[in-house]
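Chains as they are written, first to last, in our numbering: chain A, 1 to 503; chain B, 1 to 503; chain C, 1 to 448; chain D, 1 to 448.
In case anyone wonders, no lab produced these hints; they're calculated from the structure. Each hint should be verified, as a subset may be incorrect.
[Claimed, not checked] With a straight-line cut-off of 27 Å between C-alpha atoms, the simulated DSSO-like cross-links for lysine-lysine are:
1. C:169 <-> A:301
2. A:302 <-> C:173
3. C:56 <-> A:316
4. B:487 <-> D:319
5. B:174 <-> D:173
6. D:173 <-> B:302
Keep in mind it's a predicted model, so treat the numbers as computed, not measured.
So the chains spell out like this:
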Amino acid sequence: MTDKIKKATHHPNQNEGLIFEKSSPGKRAFELPPLDVPPADPSKALGAAHRHEGIEGFPEVSEIEVIRHFTRLSTWNYAIDLGMYPLGSCTMKYNPRVNEFVARLDGIATEHPYQPQELSQGCFKILRLLEQCLLEITGMDSVTLQPAAGAQGELTGLLLIRAYHEKNGNPRKKVLIPDSAHGTNPATAVIAGYEVENIKSESHGQINVVKLRDLVTPDVAALMITNPSTLGIFEQRIPEIAEILHADGALLYMDGANMNALTGITRPGDLGVDVMHLNLHKTFSTPHGGGGPGAGPVAMKKILEPFRPVPILVEKENGRLALEQVRPDSIGRVKAFNGNFGVLVRALAYILAYGPGVREATEDAVLNANYIRKHLEGAFDLPYSLPSMHEVVFSDALQKKNGVNTMDIAKRLIDYGFHPYTTAFPLIVPGALMIEPTESESREECDLFIDAMRSIANEAATTPELVKTAPHTTRVRRLDEVGAARKPILRWKPQGSRTRAVD
Amino acid sequence: MTDKIKKATHHPNQNEGLIFEKSSPGKRAFELPPLDVPPADPSKALGAAHRHEGIEGFPEVSEIEVIRHFTRLSTWNYAIDLGMYPLGSCTMKYNPRVNEFVARLDGIATEHPYQPQELSQGCFKILRLLEQCLLEITGMDSVTLQPAAGAQGELTGLLLIRAYHEKNGNPRKKVLIPDSAHGTNPATAVIAGYEVENIKSESHGQINVVKLRDLVTPDVAALMITNPSTLGIFEQRIPEIAEILHADGALLYMDGANMNALTGITRPGDLGVDVMHLNLHKTFSTPHGGGGPGAGPVAMKKILEPFRPVPILVEKENGRLALEQVRPDSIGRVKAFNGNFGVLVRALAYILAYGPGVREATEDAVLNANYIRKHLEGAFDLPYSLPSMHEVVFSDALQKKNGVNTMDIAKRLIDYGFHPYTTAFPLIVPGALMIEPTESESREECDLFIDAMRSIANEAATTPELVKTAPHTTRVRRLDEVGAARKPILRWKPQGSRTRAVD
Amino acid sequence: MRYLPKSPAERQDMLAAIGAKSIDELFSSIPERFRLREALHLPGPLSEIEVIDFFKARAAENSGGYTSFLGAGVYNHHRSVVTDAIIQRGEFLTSYTPYQAEIAQGTLQAIFEFQTLMCQLTGQEVANASMYDGSTATTEAVLMAERLTGRRRILVARSLHPEYRDVLKTYAKNSGLLVEEIGYGPAGTLDQKALQAALKDDVAAVVVQSPNFFGVIESLTPLADAAHSSGALLVTAITEGVSLGLVRPPAESDIVAMEAQSFGLAPSYGGPLAGVIASRDKFVRQMPGRLTGQTTDSEGRRGFVLTLATREQHIRREKATSNICTNQALCALAATVHLTLLGKEGLREMAHQNLSKAQFALGELEKVPGVRRAFDAPFFNEFTLQLPRSVKLVNAYLLREKIIGPFVLGTAYPELTKHALVCVTETTPRAEIERFAAALRKALEQPV
Amino acid sequence: MRYLPKSPAERQDMLAAIGAKSIDELFSSIPERFRLREALHLPGPLSEIEVIDFFKARAAENSGGYTSFLGAGVYNHHRSVVTDAIIQRGEFLTSYTPYQAEIAQGTLQAIFEFQTLMCQLTGQEVANASMYDGSTATTEAVLMAERLTGRRRILVARSLHPEYRDVLKTYAKNSGLLVEEIGYGPAGTLDQKALQAALKDDVAAVVVQSPNFFGVIESLTPLADAAHSSGALLVTAITEGVSLGLVRPPAESDIVAMEAQSFGLAPSYGGPLAGVIASRDKFVRQMPGRLTGQTTDSEGRRGFVLTLATREQHIRREKATSNICTNQALCALAATVHLTLLGKEGLREMAHQNLSKAQFALGELEKVPGVRRAFDAPFFNEFTLQLPRSVKLVNAYLLREKIIGPFVLGTAYPELTKHALVCVTETTPRAEIERFAAALRKALEQPV
Ligand SMILES: Cc1ncc(COP(=O)(O)O)c(C=O)c1O
Ligand SMILES: Cc1ncc(COP(=O)(O)O)c(C=O)c1O
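If we strip away everything but chain A, and leave its shape as in the complex, we get (with noise of 0.2 Å):
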């Protein structure tokens, strides 16, 4: 390891086959208390449905290969936990030790979501509170809570919207959609039964309200905005922006993906935003897991109310809260239950540790943003030079021309210790650096980061094969992605076809 890789080192980790690699018939790990009835006889029980052999290929394994094996997986990943994660527009922030514990508490995680209304009243004081945190929050009039994530609080508002223009007589056609938007913003329009109208970004990054103005017409359901832009730019003429589509009847929706560069700070509801969703697995910390649980609650105005999806939380007039299932306007259920309400109890836990200090968090974020982007500047090109709030998004236009690539540069910066920024989106940046350190960066993680990437800079200058075979010091190379999709081997089978493990 070169002397200028002060974060990273090597540490030999354990190789780990899979599961079914190490199962051998009799080994058993978890074992269940006797049972204490007679036993039943299942071809009796079950007739024709019982199934007679045991789930081939199935594994058969002790708990400490359990432990050992999962243990040693965990090793591979890069994490939170272990530094810098600065994927742009997915806010890796810190997750709280203490969120983990409460949700995990006897009378939290324990309980059924269709247990008797008066034995849930912790539940639904739970609910209650967050939802009077995020209105104020968002300075909206009205939220749900249901929406698994993002994408799904994307339909819930589009749904919304939908039947808003429904009761008003016609459910209209399109939503408009910037081209920087993230990849759920159409893909979400078009559950929603909507065309998907690309609107361009004007060259300093922002919407174009001259034409803005012609592409609204009464065909148009809404405008779906992302605020501030995945370039991480605010919109400054989002208030007119909402005039101009309101003017015409059409809504304006808020991809509140972002809400990290904005809460404490300015509410949406008061910029003209009429629906908006939250990933609370983003601005609100709950941890990533992965790839998930997420959850994506969804904050409308007044008009939008009506139409929000069941189960609706309600105060009775003896103070006790409760669940209504029926609602005549109602969109329906986008979800089975009551929401992700493990992910919403970590939320609210997140947001009482703050209180109103959330503003600082903000701040923090945004300093961390703008303190790279001042030590970046230069070395690598930067295509939009309006301010930047959360996130910066620089491009690989000056490292292109020694042939290395935005995806060159990440994998690069694994080899200094660091998991890379966003290189997939926006679409409008070409080979785009997207990087969004968060508020829980320290100075010197963030100096760290500096250093390594002004580094990499140099190296695609100087040594650029050195930047496009990395990484260097990964237990895996780059892995071939073409050869994966080409003949997908998606499961482990018995006598498939096998490579070597990694020695």
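Use these hints to put chains B, C and D with the ligands onto chain A, whose structure you have.
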């Protein structure tokens, strides 16, 4: 990494300075609930004892930095949860997770040693059941759970012996200890006020019974024997040894560190042993935690019972349990409060999980050791050829010819993905390789270990330098132990001389 | 302030480095008039101890101390502390979707193992990395069937979980799908005659659940045959995965939508759970959700990557198979660990205990005068009872005995107000079953 | 069988490889007649769930639901869930003593940090990696003083924790040490006149505790001066480490023996706790226990190793400074994490809250007729009350009010049967203090 190293691979891990080096004034992690009484004036309340200044150099860091600091540090450790840890004499077996869970229950972890006995019946029942289990396993008459570790168990045992002899009019002078014994045996004897007389093992590794007869005089208080010995060999003539001692009024102490070879198969009490300790952190699977805590209960025959340390658990007439703090003949108190209660809880959980099946654990432990012995014989010198029990001791005699010693082989094992075996003793084997796999190793892991050891034997013959300079894959290479002891740096200092951190 | 790793001096230094005079300057692109002038009205800040106290107080307002006979889509099963120890390792808990495969092999290999387990359980050939839950998995399975067949009529069993049906309808409304319900027969299983009558060559999918919402097990083979003979696909929803330890897998189904909650996930008031879609290899390119595939690295070593991403929203945008992005990865990991701990024999044994306890419970409850089993098809760990009076009234009585009574079928099926869906798992002690039977007897002896 | 990773077939294969016909053959070196013919009579085997149920049942037989005013060497302080999350990482939990430094740098660096924290807290120059607990640390400190001075008389304050004194006596008995006790004066502090009288040039150590067992803080400087002037060492025991956040460190002591339980360790019915010995650099070679030192590797990088092992039993055997081997490493790690979480300000604030609550409690309790403060030297979070009647009787009454009353000093000090040692920490809510005062008032109003 070469092809022959199947079990380990490289992975970048995170560097990390000392926590003091990350400190910055004003950073906070854990905060307290607000004070709900009037704040005291410390200078008034404490007078001259008041410390006006904060503690110099004390860390000031945030919660995420704490999490990352210790998580990063943790990744530099090898552990049972990662792989085989065949430290001879240490019995590094699987530490069940459920034991950690029960030790942390409210009502277990929360109890105060001075709470009323009527509110401690749950604790008492745990202690009583563990006592009963240990008596059944050892075949002894009485037990104390007080000692905090094996060494303190040894001391307790010798103090019992001393008290017994004193009661009989003469504490006697000497304790006989075989040269193969663990270092705590002689160190303990001295604290108990005895002289140590080392006895030389026979060439086949057992005690010379004929010579023993000569050594046992009325000056001898006891013989401390380890069985199986630290060579992993069962002392076959132990009943005879006991008789020889008893004939002269001396007692037989057994170091029970190796009970993992005997549990469920034979009982020291039946073999003539008068008193012994158990290492619950070995045989009974309480985690070593990087060096402790442990527990070293002492089991004894009836003749020693009157001398047990206080407190003593007794059953009252009403069936309730109670702790007695005063006993006329007691050796007194060896430790404050009630033993390492949390460790005792884990050990009981372990015993309950197996029940009489502990025998099978013993069988597998002995099976593993013999399997490894079988496959390494020839590749390594076996100085004592009597049957092995739970561990096997080789020597580096064959490798020494090429200048490779046991420590070199141990360090090279690290490159292969294993924790080394014990190198430090038994002293009677120059260049010992003391290998104890325990029952927790699967056949797969044993096979990989055997492969690695054979491969290293081969390297020692063909490329000895490779072995002598190992490990080659760790974040630090061999450390300068001589320098560390010559000019000890035992704490961080703000302006202390610093060498560069790993890069 | 909580969780922030900067000292005041560091903030000042960083601002100076940027060349900003104050933090406010960094927010200058937000029009002045929209910037909040006062602090948000939020409770807190609370210390860690206060946060814990708050949630403990809420927990105490819930159902502690009651024995429950509820299932209906969320099941109480034994869980090992090992599972929690694994999923709380920061390396799993605090990592993102494994986009950078080289430093996410842990998550990727675990997903690959999850996909394999789900295939083994369901008898299908391919399974995805998870959906939000069983309800959205079922809906997405239907949308998948629509794409595969190009047809739009959907025949859904009324014995499919009522909330799953609701979700399907919400999604279907604007996708141009026509959802029709098919009733159940006297055995509690799908009314096959009604199905035959409704099956035309415009039907994309027949959707059933097994064990169904009444607890009874559907015979899937005739249903598959019927569906296939008119060119439709059979979509099978499974809410109680433990049944697969003893019940024939839905191998003849074309798409399986499963809820994995029973595999080591806490009920957690209904979420987060974990849905899965499993299907046939040939349908994989129409599958929603993430997939992990095996591949090799540049040195020929086995490794894993997210694959077939051209189905997904981040590549295909409006042409994606689904809009799902964040899924239920950690729940899927928990299920993987749990099933690995249970293993082949353990799952079978758990299933057998459920079956035995449910049989025992039925026997005890049938002894209560006036109580009878409503449907006679085989069942697993849930069964429907017909009571001589309203279940709501009975449950109110049971509650006083610290028993949370069975699910009131009348809330979803107006024709079944005297019908109760009883769930008994391996976690229900025999003594509690007996206590329930005794309490039920007393309840029915009360004057109305 | 639980926890064993072998299948029956694997066992057979391995036996065959060894050339043994049966498992029994492997035990042939144990004389036949001593081999157990029947299974041990042990309860179990229990499944994981049953193990948990067993301990939950025992836990329920303990003190849940009571408020306690006990300290006396074991203290209730707030602990962060972060500490537990760290020490439960398998890499820390399941590793051995760091003998192989290259793969134990995590444990070694953490110990080095622990040693540093202990020095900072105590004002000493060097601290070890841990002892069993405060009682054995105190004893080992005395043995260390004996080695350093070559003297054998030990003067021990009667206000040293009674159990610590007991342990010292147990060890001293056969080491030829003469232990004499020095009483306390009316302020509750060491009787300095008695000390002066007893101090001769054969005294190895003067042993005091501060805050002492009555809760009052000793003035260490005059004690150190007195000890030093006759060539003895001052050994200071500290049972309540949190006091060091606000109380002057025992820098003038020669050896400090501290109990670290207050730094994030659960009371756990009295163990495992963690003792520490801290002292002066010049005395390090007579210190007992493990020490971690900083060094460099063959490439010049900083690293840590166990050092000065020539003091220890595994090298020196009968000449070792102590027989300690296994210590309380994981507890020391917990203390390290806990103190790092608290930090400079946090520890100070915690100490201040203890002081404030104890002051408040004293004020409330002194209002109860007949109750008076027994000693008037400054105290931290414990103080001694003199009651108008036996503390045992009062406590019996309090218990009915769900209050675990103060420590009964009479059990260890026959002259103090009406004296109670009250402990109040930051965890004791004001309302509970008030309830205690009210209950005490009522208790004293009861007819005797
Ligand atoms: C800008 C933006 N919008 C929407 C989403 C989708 O949210 P989710 O992954 O929670 O479905 C994401 C995150 O992935 C995002 O970054
Ligand atoms: C044979 C033997 N005896 C005694 C001991 C000392 O036990 P402890 O470390 O628990 O004090 C050990 C272990 O370290 C040992 O291996």
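Going down the list of hints, with the structure as the test:
Using a Cα cut-off of 27 Å, the hinted pair residue 169 of chain C and residue 301 of chain A holds, with the two alpha carbons roughly 25 Å apart. Straight-line distance between C-alpha atoms of residue 302 of chain A and residue 173 of chain C comes to about 23 Å, which keeps the hinted pair within the 27 Å bound. Only pairs whose Cα atoms come within 27 Å are accepted, and residue 56 of chain C paired with residue 316 of chain A is accepted, the gap being roughly 24 Å. The hinted pair formed by residue 487 of chain B and residue 319 of chain D meets the criterion: a straight-line CA distance of about 22 Å does not exceed 27 Å.
This hinted pair checks out: residue 174 of chain B and residue 173 of chain D have alpha carbons roughly 17 Å apart, not beyond 27 Å. With a CA separation close to 23 Å, the supplied pair residue 173 of chain D and residue 302 of chain B stays within the 27 Å bound.
Of the numbered hints given earlier, the model fails none.
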